[in-house]
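Using the sequences and the accompanying hints, generate a full structural model.
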Amino acid sequence: TDPRNIVLQKKSHGTASKQAKVNIHTIPGELDSLFTGVTIGSVSQSDTHYLVSYNAVSALHYMVSADVGITNRNIHVVAVDKQTLKPTLALEDYFLKPNVFVTPPKLVKINDDKFLLLWQEYTYKQMYGHVQGRYVNGKGEFISERIAYPNAHLSVTQPVVFNDEVVWNESL
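What the sequence shown shows, in our numbering, is residues 27 to 198, in sequence order.
Derived from the structure by calculation, the hints contain no laboratory data.
Keep in mind that this is a model prediction, so the values were computed, not measured.
Where hints are given, some of them may not hold.
Pairs of lysine-lysine, DSSO-like flavour, derived with a Cα cap of 30 angstroms [unchecked claim]: (1) K135 <-> K37; (2) K108 <-> K140; (3) K108 <-> K165; (4) K165 <-> K47; (5) K112 <-> K165; (6) K108 <-> K36; (7) K47 <-> K36; (8) K123 <-> K44; (9) K47 <-> K112; (10) K36 <-> K112; (11) K112 <-> K37; (12) K112 <-> K44; (13) K123 <-> K165.
Label-pair distances were calculated between CB atoms; the ranges are [stated by the list, open to error]: (14) Q45 <-> Q152: 42 to 48 angstroms; (15) V182 <-> K112: 21 to 27 angstroms; (16) D190 <-> L57: 43 to 49 angstroms; (17) L111 <-> E56: 24 to 30 angstroms; (18) E56 <-> E171: 35 to 41 angstroms; (19) P176 <-> Q109: 39 to 45 angstroms; (20) D139 <-> S59: 35 to 41 angstroms; (21) A174 <-> T74: 27 to 33 angstroms; (22) L57 <-> E196: 22 to 28 angstroms; (23) S181 <-> T149: 15 to 21 angstroms; (24) L60 <-> E171: 36 to 42 angstroms.
Glycine included, C-beta positions come from ideal geometry on N, C-alpha and C.
Next up, the structure:
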């Protein structure tokens, strides 16, 4: 596989150890380029799929971003079927929102078929914007419209389920 990829690697153990690699996201650019334009938020799994959430600069905007430091990114959720290892993508598009930026998205497992995807929007003028969320099923498909959590902030810690509620630490 290309060294500028996000790759999910699955190993099986036993008498004949096997390894499978699945390309999740190809990162444009030269091999020695330090700019990736990608930040992984979290990795989780349902009964049937592995789920990876991350934000990434669009391949169409990659060269401009690498040259001038623009970091407007989309939210990605990739679900990899555990049996076939076939990846599918769900995308929250932010390139139609100039000057709106997003933090790496966090997946919070509610149960084996329901996850809450959380991220924070911000702008140059408003460094601590609102937390946004969408529910995702165990196949990585969006099952709700966007939910706004005004006046909330995400930190670098992973949100968790506690007493049937999603909670997280807030820090500015």
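Does K165 lie within 30 angstroms of K112 when you go C-alpha to C-alpha? Holds, at about 11 angstroms.
Are the Cα atoms of K108 and K36 separated by 30 angstroms or less? holds, 9 angstroms
Mind checking the alpha carbons of K108 and K165 for me, to see if they're no more than 30 angstroms apart? Distance ~10 angstroms between K108 and K165 Cα, so the pair holds.
Would the hint linking K47 and K36 be met if the CA-CA limit is 30 angstroms? holds, 6 angstroms
Just to be sure I understand the hint, the distance between the Cβ atoms of Q45 and Q152 should be within 42 to 48 angstroms; is that true here? Given about 45 angstroms between the Cβ atoms, the range holds.
36 to 42 angstroms was suggested as the range; check whether the CB atoms of L60 and E171 agree with it. Since the Cβ atoms of L60 and E171 sit about 37 angstroms apart, the hinted range of 36 to 42 angstroms holds.
With the threshold set at 30 angstroms, check whether the alpha-carbon distance from K112 to K44 stays at or below it. holds, 17 angstroms
Given a hinted range of 39 to 45 angstroms, is it respected by the beta-carbon distance of P176 and Q109? At 41 angstroms between Cβs, range holds.
That 27 to 33 angstroms hint for A174 and T74 (C-beta), does it hold up? holds, 30 angstroms
Pair hint outcome, K123 versus K165 [Cα-Cα no greater than 30 angstroms]: holds, 27 angstroms
Does the beta carbon distance between S181 and T149 stay inside 15 to 21 angstroms, or does it fall outside? This hint holds: roughly 19 angstroms between Cβ atoms.
Would you say the C-beta atoms of D190 and L57 sit inside 43 to 49 angstroms of each other? holds, 47 angstroms
Comparing the model with each numbered hint stated earlier shows that hints 8, 15, 22 do not hold.
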